[in-house]
Amino acid sequence: MTKRKMFFRMITASLIRRRSRMFVALLAIAVGATILCGLVTIYYDVPKQMGEQFRSYGANMIFVASAESEVLTEDSMKEALSYIKDDQLVGVSPYRYETVSVNEQPIIVAGTDIAGVQKTSPYWYIDGEWPAASGEVLVGEETADLLSVKVGDRLTMTYSQQAMENPDQPAETDAAAAEGAITKDYTVVGTLDTGGNEEEYIFMSLEDIAAQTGDSGRVDVAELSVSASQDELNAYVEKITDKVPAVTPRLVKRVTQSETTVLSKLQALVLLVTIVVLLLMMICVATTMMAVVTERRKEIGLRKALGASNRSIVQEFMGESVMLGAVGGLIGSFLGFAFAQAVSVNVFNSTITFRPLLVPIAIIAAMAVTGLASLVPIRSATEVDPALVLKGE
Amino acid sequence: MFFRMVKGALFRQKGKMVMIAFTILLGASLATSMLNIMLDVGDKVNQELKTYGANITVVPKQNSVIEDIYELEGDDADDIKSAYLQEDELGKIKTIFWAFNIVDFAPFIDTTVDLNGSDVKLVGSWYNHHLSLPTGEELDAGLTSLRSWWSITDGEWMDEQASEDGVMVGAILAKEQGLKVGDKVTVSTRHASKELTVEGIYDSGDDADEQLYTTLDIAQELSDSDGLISSIEVSALTTPDNELARKAAKDPNSLSIEDYETWYCTAYASSICYQIQEVITGAVASPVRQVAESEGAIMEKTRLLMILITILSLVGSALGISNLVTASVMERSKELGLLKAIGAKDGAITALVLTEIMITALVGGAIGYFVGYGFAQIIGHTVFDAAINMKPMVIPIVAILILVVTFFGSIPAIRTLLRMKPAEVLHGR
Chain A
1 MTKRKMFFRM ITASLIRRRS RMFVALLAIA VGATILCGLV TIYYDVPKQM GEQFRSYGAN
61 MIFVASAESE VLTEDSMKEA LSYIKDDQLV GVSPYRYETV SVNEQPIIVA GTDIAGVQKT
121 SPYWYIDGEW PAASGEVLVG EETADLLSVK VGDRLTMTYS QQAMENPDQP AETDAAAAEG
181 AITKDYTVVG TLDTGGNEEE YIFMSLEDIA AQTGDSGRVD VAELSVSASQ DELNAYVEKI
241 TDKVPAVTPR LVKRVTQSET TVLSKLQALV LLVTIVVLLL MMICVATTMM AVVTERRKEI
301 GLRKALGASN RSIVQEFMGE SVMLGAVGGL IGSFLGFAFA QAVSVNVFNS TITFRPLLVP
361 IAIIAAMAVT GLASLVPIRS ATEVDPALVL KGE
Chain B
1001 MFFRMVKGAL FRQKGKMVMI AFTILLGASL ATSMLNIMLD VGDKVNQELK TYGANITVVP
1061 KQNSVIEDIY ELEGDDADDI KSAYLQEDEL GKIKTIFWAF NIVDFAPFID TTVDLNGSDV
1121 KLVGSWYNHH LSLPTGEELD AGLTSLRSWW SITDGEWMDE QASEDGVMVG AILAKEQGLK
1181 VGDKVTVSTR HASKELTVEG IYDSGDDADE QLYTTLDIAQ ELSDSDGLIS SIEVSALTTP
1241 DNELARKAAK DPNSLSIEDY ETWYCTAYAS SICYQIQEVI TGAVASPVRQ VAESEGAIME
1301 KTRLLMILIT ILSLVGSALG ISNLVTASVM ERSKELGLLK AIGAKDGAIT ALVLTEIMIT
1361 ALVGGAIGYF VGYGFAQIIG HTVFDAAINM KPMVIPIVAI LILVVTFFGS IPAIRTLLRM
1421 KPAEVLHGR
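Chain order of the listed sequences is A and B. Using this note's numbering, read the first sequence as starting at 1 and increasing by one per residue. Using this note's numbering, read the second sequence as starting at 1001 and increasing by one per residue.
One chain only, chain A, in its complex shape (with noise of 0.2 Å):
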């Protein structure tokens, strides 16, 4: 008991009275434990983080309807995104295309959930305001040069039944344009630029179309945006065309395997880049600390000339460095997940989830980094004659 306690004594009064010295070795420790936490919790996150990035791309999975069931209902469509975590579902946004005419023109318009477009297609360039009440639209640019229509005019649509089961009749007459042709009145508050075809539509909300065309509670297609992996995703498709017989889920190939590629190179750089850093500051660690106790080489000659044995001064040297390590290591867990916190907010604008179990890990490696280096040193001192030692060589 009692010397155990000399043991400890020893120790603390030797890292206490060479204050300066272990501060910087301490240092040094701790910049490493730092870069291992922040690095490596960095590279967790990375996937997830990056992978919410690669969203903006858009929609990476949609539900069309399935051969037996032929039309999409938004119960069928809600009854599948059960099946996907809240968490991973960035945006779905239902569309439904019908053909309606403005000026005698034949225009396609596209009903859809306009918050859930906002996420599932990011990259919508949008010229004035979206859509928020009912009873307005969002143009697209090609559309809005055709019907040469800008931002605060006024549409008229008339969506008729009959006359798009003909469209080489279009409702000219007053006469056909009474029986059964909803007309409506909208305002454009937006013009859309996307460089794809979404600029010859015009889109409203689900609501509106379902009062211009009398008909609710169909869609054609639903576009989702998932933040999964490949593997993820192939199993969600399975999963739901088990479950939901009237939904067929697809993926878009374009996105889902361009993400997964450019993703797994990106993983790859961090990972690389945080195993060339380690190895580095291990390194560095590793002189700081043989540097410290190379330095202590009278100190051992004259504790050996005293009578003390070759384990006992490996011993105490050791539990030196290693408690040097430890609190090192604690120190730096937590200045590590400061600095991955500092990445994710500033790169990624969120913040990410401490590790807990990175805090022994960093203090582990750190006391093993640190006990490694001074074993050498502290052995070569204890095989030399303390009166070499002594003299000063």
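Keep in mind the hints are simulated off the structure, nothing from the lab. All figures in this text were calculated on a predicted structure; none of them were measured in a lab. Keep in mind that a hint or two might mislead.
DSSO-like cross-link-like pairs, simulated, lysine-lysine; straight-line CA separation at most 30 Å [said to hold, decoys possible]: (1) K1175/B - K239/A; (2) K1061/B - K150/A; (3) K1250/B - K150/A; (4) K243/A - K1250/B.
For this one, chain A is given, so just place chain B on it according to the hints.
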């Protein structure tokens, strides 16, 4: 005498100096590799993002309006030759100001053909088209790289040089029609009829699964539009858009002359589009926002991430180096005390120690640069299968970093030693 002392110190304390040099070497190699990777990661990730396909499409002016809105079919549609682009102008894309940033492009022409009684869309394009440009540059362009997400489920990509009558069939269409690789299919239009050999079946995950893809020549012959193409897809390395680019995209003429030049000489998607429109007659080039915007976002994030990691590792290596330098100077208290006792001036002692350490630092730093070069290349080849482009500007940055760190690492230690009385130091306190 000064140099003799320096030399003496360097050689007598070989072990210690090697250790300092080694630490500095590590720090320098870390700084070198991280800085180079950070500076190059944008380009590398940009290249990887090319797997998303083209980010610029070029279509003839008014083409979409005429075809889609008036729904012209058959005879009328074919007569509107103005709604096409000229095939012989394609090479001009590689002559624009940002030609070097254009990594790939392919022309398209499509027509509806009759295949065993059903109407199918047939697309003609390039696959591995070999271009010898007037500038002497050689380039293989085409769908093989522009549609990298297609998986070939059977057969292989069409080899444009080798095949005379090849066609690739979408997976859904192949299943419907029961087509296999090696089958002969007859496609016909109003103008011509051809027998083609199925060379590959692909799964694209989109509309193309129900289409036929063949060479430009065959599609032109079938649609009777020799030398004409209906659209071009261009894959270009671009700079993420900013305010200026958005303003310019709306109307380049609204910019001041200075802004216009900045915009024109920066590789924004909009300025590349503008330059393509300048060389291709009657064309409208527009960025595919889905690809262009996301590329910008991802590249920016990656670059920022690498910058922060680089800063962390630079701080780490700086601390490591200065630690060791401080330790090694402190260790020599006795020697410096002796020098002072026999009458050396403070300035002379400082100069002596600094010279020793700086020489060590330079040697370590120089070797470290090459080790870092090695690390950067290993990472580059493992991750991106390409060499990391070493920027010359990294050399002065690393050199200054090392010198500053060693200088500031040794100065405080030297100063504390000089403040001590020689007698105390020599006595060992």
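For each hint, the structure was consulted:
1. In summary, the hint linking K1175/B to K239/A is supported, as the alpha carbons are separated by about 24 Å, within the 30 Å threshold.
2. Distance hint between K1061/B and K150/A is fulfilled; the C-alpha atoms sit about 21 Å from each other, no more than 30 Å.
3. Pair hint K1250/B plus K150/A holds up; C-alpha atoms about 15 Å apart against a cutoff of 30 Å.
4. This hinted pair does not check out: K243/A and K1250/B have alpha carbons roughly 48 Å apart, beyond 30 Å.
Checked against the numbered hints listed earlier, the structure breaks hint 4 alone; every other hint is satisfied.
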